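**Student:** Below, each chain spelled out in residue letters.
There are 2 protein chains.
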Amino acid sequence: MTREIRLNALDQCNPSFLAFGLWSHPRDKALDFTSIDYWADYARLLERGLFEALFLADSLGVPDTYKQSFASAFRSGALAPSLDPAVIVPAMALVTKNLGFAITGSASYETPYLFARRMTTLDHMTRGRIGWNIVTSFLRSGALAMGRDELAEHDARYDAADEFMEVMYGLWEGSWADDALKRDKASSIYADPALISELDHDGPHHRIRAVSAAEPSPQRTPMLFQAGGSPRGRHFAATHAEGIFINGPKLELVAPQVTDMRKRAAALGRDPRSLKFFAGATIIVDETEALARARYEDYKRHTSVEGMLSQLSAALGIDLSKYPLDEPIRYEKTDAAHSQLEILTRKGSWTVRQAAESMVVSGRNLLVVGTPGQVVDELARWVEHADVDGFNIARILAHETMENFIGMVVPELQRRGMFKTEYAKGTLREKVTGAGPRTAHDHPASTHRR
Amino acid sequence: MTREIRLNALDQCNPSFLAFGLWSHPRDKALDFTSIDYWADYARLLERGLFEALFLADSLGVPDTYKQSFASAFRSGALAPSLDPAVIVPAMALVTKNLGFAITGSASYETPYLFARRMTTLDHMTRGRIGWNIVTSFLRSGALAMGRDELAEHDARYDAADEFMEVMYGLWEGSWADDALKRDKASSIYADPALISELDHDGPHHRIRAVSAAEPSPQRTPMLFQAGGSPRGRHFAATHAEGIFINGPKLELVAPQVTDMRKRAAALGRDPRSLKFFAGATIIVDETEALARARYEDYKRHTSVEGMLSQLSAALGIDLSKYPLDEPIRYEKTDAAHSQLEILTRKGSWTVRQAAESMVVSGRNLLVVGTPGQVVDELARWVEHADVDGFNIARILAHETMENFIGMVVPELQRRGMFKTEYAKGTLREKVTGAGPRTAHDHPASTHRR
Numbered sequence: 001m002t003r004e005i006r007l008n009a010l011d012q013c014n015p016s017f018l019a020f021g022l023w024s025h026p027r028d029k030a031l032d033f034t035s036i037d038y039w040a041d042y043a044r045l046l047e048r049g050l051f052e053a054l055f056l057a058d059s060l061g062v063p064d065t066y067k068q069s070f071a072s073a074f075r076s077g078a079l080a081p082s083l084d085p086a087v088i089v090p091a092m093a094l095v096t097k098n099l100g101f102a103i104t105g106s107a108s109y110e111t112p113y114l115f116a117r118r119m120t121t122l123d124h125m126t127r128g129r130i131g132w133n134i135v136t137s138f139l140r141s142g143a144l145a146m147g148r149d150e151l152a153e154h155d156a157r158y159d160a161a162d163e164f165m166e167v168m169y170g171l172w173e174g175s176w177a178d179d180a181l182k183r184d185k186a187s188s189i190y191a192d193p194a195l196i197s198e199l200d201h202d203g204p205h206h207r208i209r210a211v212s213a214a215e216p217s218p219q220r221t222p223m224l225f226q227a228g229g230s231p232r233g234r235h236f237a238a239t240h241a242e243g244i245f246i247n248g249p250k251l252e253l254v255a256p257q258v259t260d261m262r263k264r265a266a267a268l269g270r271d272p273r274s275l276k277f278f279a280g281a282t283i284i285v286d287e288t289e290a291l292a293r294a295r296y297e298d299y300k301r302h303t304s305v306e307g308m309l310s311q312l313s314a315a316l317g318i319d320l321s322k323y324p325l326d327e328p329i330r331y332e333k334t335d336a337a338h339s340q341l342e343i344l345t346r347k348g349s350w351t352v353r354q355a356a357e358s359m360v361v362s363g364r365n366l367l368v369v370g371t372p373g374q375v376v377d378e379l380a381r382w383v384e385h386a387d388v389d390g391f392n393i394a395r396i397l398a399h400e401t402m403e404n405f406i407g408m409v410v411p412e413l414q415r416r417g418m419f420k421t422e423y424a425k426g427t428l429r430e431k432v433t434g435a436g437p438r439t440a441h442d443h444p445a446s447t448h449r450r
Numbered sequence: 001m002t003r004e005i006r007l008n009a010l011d012q013c014n015p016s017f018l019a020f021g022l023w024s025h026p027r028d029k030a031l032d033f034t035s036i037d038y039w040a041d042y043a044r045l046l047e048r049g050l051f052e053a054l055f056l057a058d059s060l061g062v063p064d065t066y067k068q069s070f071a072s073a074f075r076s077g078a079l080a081p082s083l084d085p086a087v088i089v090p091a092m093a094l095v096t097k098n099l100g101f102a103i104t105g106s107a108s109y110e111t112p113y114l115f116a117r118r119m120t121t122l123d124h125m126t127r128g129r130i131g132w133n134i135v136t137s138f139l140r141s142g143a144l145a146m147g148r149d150e151l152a153e154h155d156a157r158y159d160a161a162d163e164f165m166e167v168m169y170g171l172w173e174g175s176w177a178d179d180a181l182k183r184d185k186a187s188s189i190y191a192d193p194a195l196i197s198e199l200d201h202d203g204p205h206h207r208i209r210a211v212s213a214a215e216p217s218p219q220r221t222p223m224l225f226q227a228g229g230s231p232r233g234r235h236f237a238a239t240h241a242e243g244i245f246i247n248g249p250k251l252e253l254v255a256p257q258v259t260d261m262r263k264r265a266a267a268l269g270r271d272p273r274s275l276k277f278f279a280g281a282t283i284i285v286d287e288t289e290a291l292a293r294a295r296y297e298d299y300k301r302h303t304s305v306e307g308m309l310s311q312l313s314a315a316l317g318i319d320l321s322k323y324p325l326d327e328p329i330r331y332e333k334t335d336a337a338h339s340q341l342e343i344l345t346r347k348g349s350w351t352v353r354q355a356a357e358s359m360v361v362s363g364r365n366l367l368v369v370g371t372p373g374q375v376v377d378e379l380a381r382w383v384e385h386a387d388v389d390g391f392n393i394a395r396i397l398a399h400e401t402m403e404n405f406i407g408m409v410v411p412e413l414q415r416r417g418m419f420k421t422e423y424a425k426g427t428l429r430e431k432v433t434g435a436g437p438r439t440a441h442d443h444p445a446s447t448h449r450r
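Sequence order for the protein chains is A and B.
Each residue of the first sequence is one higher than the last, beginning at 1 in full-length UniProt numbering.
Each residue of the second sequence is one higher than the last, beginning at 1 in full-length UniProt numbering.
This is chain A alone, in the form it adopts within the complex:
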């Protein structure tokens, strides 16, 4: 039997994400993304489909590499606007009981004390259903927005992020002993201060002297997600992540990444099976293959090429407007670029047209267009041969993509015994990893426990 798969929905608090420009499709409802009811409805839908979590990406700053301007991003609504994912979560938590929420937070720019408290508050308010997608934020415009002189170098961002994690673990795991919280009305003792201690950290990137004022939440450290594609990013993920978001349109490109990262985790003393891999997937499903293909063609017609090139230029740090469409692009193979495009082509060279065509609707995701049976065949093949644990299903149209997936693909997955028919008990960590609610004993967070 193929092993059980896990599903997250992949989205962002903006009008179109990955499927750039699709907000303009007549059936799309994403223009309502500034409404809290939009998100509440979305959460109810995902819980009906037994999704583990809504994975909310984020961008800090606005892409402005393409034509050296933010114009394309705003005109096409591609990554701009972008709202704060953290504050929409509790409304979704109120109308669901099991759905988790993996929100993106920047280890480069958040203030450690405030961020730790916000995540603890969210973990309380969701009853342990919060996850954190750790990013280091790659936009130069984001760095300037934060008052920095320049975007820090790629690997240096990860060094600072490692230190940020140390501080988080200190606050979440180290500050309160397990039995510090009393809440005892009879004695009027709320907490035993002898069991609460101060964190005193003075490092190259962060300084903090604080006792956590946020009483421990169900998971303490939220379930940790990461999506590092570069060697340094993979090392970071292998160290800290419990859920890993992995990209690539072809099984042959993804499988070696999974193998590599499980190996890295093992080398760091972690159980490599405790890391759960989610491959980004764009699924276009209908009752017949012809209908599904027609859907795809329809979606394509609403794609914004300008939005795609704006996002891609920012991600690569190359202004693609400078190149004729069919001329091979020469660029330095930096770590950051590595994870972005080479993976699409496995070639040393590519043209703007090739890049654009390869990203239409699905970005760097696995794309499957077909019947429920065909979709499940392909997902099963990935689980078996790429060794992934599940998929991050990307939104194309709100809420059509998820409605179709839940209406057609989920029943087929269940019929084949590849998907649960009810939620497991417990926190997000317990549901996704099968262990928990606290980080595993071989996870670095656990070494900070008192």
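Hints listed in this document are in silico derivations from the structure and should not be mistaken for laboratory results.
All copies of an identical chain are treated as equivalent in the list; a pair is satisfied when it fits inside any one copy or across any two copies.
DSS-like cross-link-like pairs, simulated, lysine-lysine; straight-line CA separation at most 25 Å:
no., residue 1, residue 2
1, Lys185, Lys67
2, Lys182, Lys300
3, Lys300, Lys185
4, Lys29, Lys182
5, Lys29, Lys185
6, Lys67, Lys182
7, Lys276, Lys97
8, Lys250, Lys263
9, Lys300, Lys67
10, Lys276, Lys420
11, Lys322, Lys67
12, Lys250, Lys300
13, Lys250, Lys276
14, Lys29, Lys300
15, Lys276, Lys425
Keep in mind the model is a prediction, meaning the values are calculated, not measured.
Given the coordinates of chain A, assemble chain B onto it according to the supplied hints.
**Tutor:** Frame of chain A, contents of chain B only:
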């Protein structure tokens, strides 16, 4: 006719606020404060009572002046623990249509770009019902938690806050022209980049170069609240605040503050009537005065003196444990201390016992214990003679205090024509000030409009 009054509920995301120790009362439900349903129920209750807003205070850091330790704060649950008020708002917004939310945010420690975006997201998700209580954060432990060497001087904190406001206005009002947002499916144009501009600010306290990625929300600048008692704090409030939270147990202490601040606002070119003053009020009401008094005595028995002295020591910057109970305390009359205690006593000297007794259950609020008629008489007297526009009603017990107030006091206020019977239309600013939804033409935010 006495003029119409406006009401906010005054609370904090912690077990007991002002009425320290009352979480231990058998009927109190505040131990549920870590649950999202607690807040959703609370919001529904306040909307039933036609409250303008839930005003959420906040503490960054933990009081540690008393006995030079945070022990008292945690033991008594006084200002510690303390969770993030921002992230609980959308859940309350989902179950209400009119209630506003004035959340506390630190102009000393928040990162401008991230904070502006969070508030814009909240203003969207509440459909224009968000307010911001601007604070500069007075706890030294908060400063150390943020990686600072020391707490900045009182007036210097306000100088930095003035600059923080400039940055906020620049992002909220100056970045997007009114017609920049298109959201036009036919042309696939989301926003017109020619009508969006970059903020480039380089000041002594803040540096930022950014275009706002958060599309304009109904109010743009959230309705601004402040509670500055010191001369510098009053100047700040007179400059920026639209709603002012004012403290003092006696009318004669509050009235001159209101007069002074309206005068300061006028001197700054603002319509002094556009500033709305809310006096902190602790109301203990029952059908007879004897029953109300019995309630008060019952509440007193659950007060934590340790919690009060912990909070007060931190606010004054004086370790009150060093003084015998009945010995007059000598201290330097700093700006910060000024707003805290002299106002209670109007005396040059006071003892720890006097301070503690004057703060039991009600802190520095107006305290009224009596029948609905007696309560309304006193509120009316304050509106007439202290020139306040309304009250911030403090929670003693969750949710008993608000249930009693709404069940007994609100109908009596309505009977006398002093309180609305339904909500006004529009955003929080429109409801509270009668103008809006944007800041008034004489408000400094408005000068940043394009």
